[in-house]
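*Asks:* Residue strings, one per chain:
Protein chains: 2
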Amino acid sequence: MYTPNHFNENDQEFIKKLVSQNPLGTIVSIHGVELEATHIPFMMEDNKIIGHIARANPFTNMDGQDCLVIFQGNNAYISPSFYPTKHIHHKEVPTWNYSAVHFYGKIKIINDKAEILKIISDLTDKHEQVFENPWKVSDAPNDYIEKLLNAIVGIEILIEKTVAKSKLSQNKSDENKNGVIAGLESMGINPQNLVR
Amino acid sequence: MYTPNHFNENDQEFIKKLVSQNPLGTIVSIHGVELEATHIPFMMEDNKIIGHIARANPFTNMDGQDCLVIFQGNNAYISPSFYPTKHIHHKEVPTWNYSAVHFYGKIKIINDKAEILKIISDLTDKHEQVFENPWKVSDAPNDYIEKLLNAIVGIEILIEKTVAKSKLSQNKSDENKNGVIAGLESMGINPQNLVR
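Protein chains in written order, with the numbering used here: chain A, 4 to 199; chain B, 4 to 199.
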């Protein structure tokens, strides 16, 4: 990912938070002669990202292959009109604020049923924690879950390299950053995670 | 992208709308021995997607190469608790609703300054149309725009193949779809584009 120094993101907390808030990652690898991509809700644990896919997904057969997993944060068009200084010197152009995390690593496919059950239970617990009465995998009938476990595999990527970028007006003056926040709000867009 | 028949998306209007509403595409190609990806705000015109990148972006040197461009629509965790039928037979599990469009084609890099100016003007006009007083490229000083034009190139992908998926509860009963809408709303999530 093209990342000028001032947009390079090294803050591990920022990276973890982006993945946690935008867990639907896009995994990309090469399948035969073609680029293949699929969208997977991942959870990050230490230096791994973990999820599950349908057994019929071509990625099931890509164990050991190199891959890239992409997470995109919130993003929005930024009008030059948002910048107070624009009205003085007019030397501003539109841009797009966004952040993204790219993880490189190898695909590991997990066929062990106990491990797959742990993955779906952990993922469920993570996403259910916001509810007053969290649903648990054990709420479903055993034979129903057993059948589902036959239809999926676990997928794990040990992160070998991270490239992260936040392009969130951090190269702008406080005056212009505040202008961006006000401008986004005037469009009904929550500026959270869009200005840094 | 793994796409069971019932989630396969052939509706061209749906595809165009997804790209228009989520224009920050992720372009992926192979750079040397590694997968390379960058995020670009695209506009779709007929069977092309068009944008611009910094001249320093490695994709500038990838003219003629095969690529995949990915657009992700809104997405959200769907709790089994959202389904009214869950409370009867309990045979439901969590899922993730999302939609995505994958375009395959070849990278075309545009160096002609008049063409690049047209691209940035068209992109600007598209995104400024929501404002009462749209900013125009011609609002900035000529020499300022001239300098910027030297720093960017245009990028165009002629779409050779489209793979699109919408996984938006369309395999669920109306009763359960309405439950998903109500459940998302109860979490403060706008269900628009999350249920089909």
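Bear in mind the hints are in silico, worked out from the structure with no lab data behind them.
Mixed in with the good hints there might be a few duds.
Since the list gives no way to pick one copy over another, a pair counts as held whenever it fits inside one copy or between any two copies.
Below are the DSSO-like pairs computed for lysine-lysine, each with C-alpha atoms no more than 27 Å apart in a straight line [claimed, not checked]:
hint : residue 1 : residue 2
1    : LYS109    : LYS175
2    : LYS89     : LYS20
3    : LYS129    : LYS180
4    : LYS175    : LYS111
5    : LYS109    : LYS89
6    : LYS180    : LYS116
7    : LYS89     : LYS150
8    : LYS109    : LYS94
9    : LYS94     : LYS168
10   : LYS164    : LYS180
11   : LYS111    : LYS180
12   : LYS150    : LYS175
13   : LYS168    : LYS109
14   : LYS121    : LYS51
15   : LYS19     : LYS89
16   : LYS111    : LYS168
17   : LYS129    : LYS168
18   : LYS94     : LYS139
19   : LYS111    : LYS89
20   : LYS94     : LYS129
21   : LYS20     : LYS116
22   : LYS139    : LYS89
23   : LYS89     : LYS129
All of these numbers come straight from a predicted model, not from anything done at the bench.
*Asks:* Which of the numbered hints are not met once you compare them with the structure shown?
*Replies:* Those not satisfied are hints 1, 2, 4, 5, 6, 8, 10, 11, 15, 19, 21.
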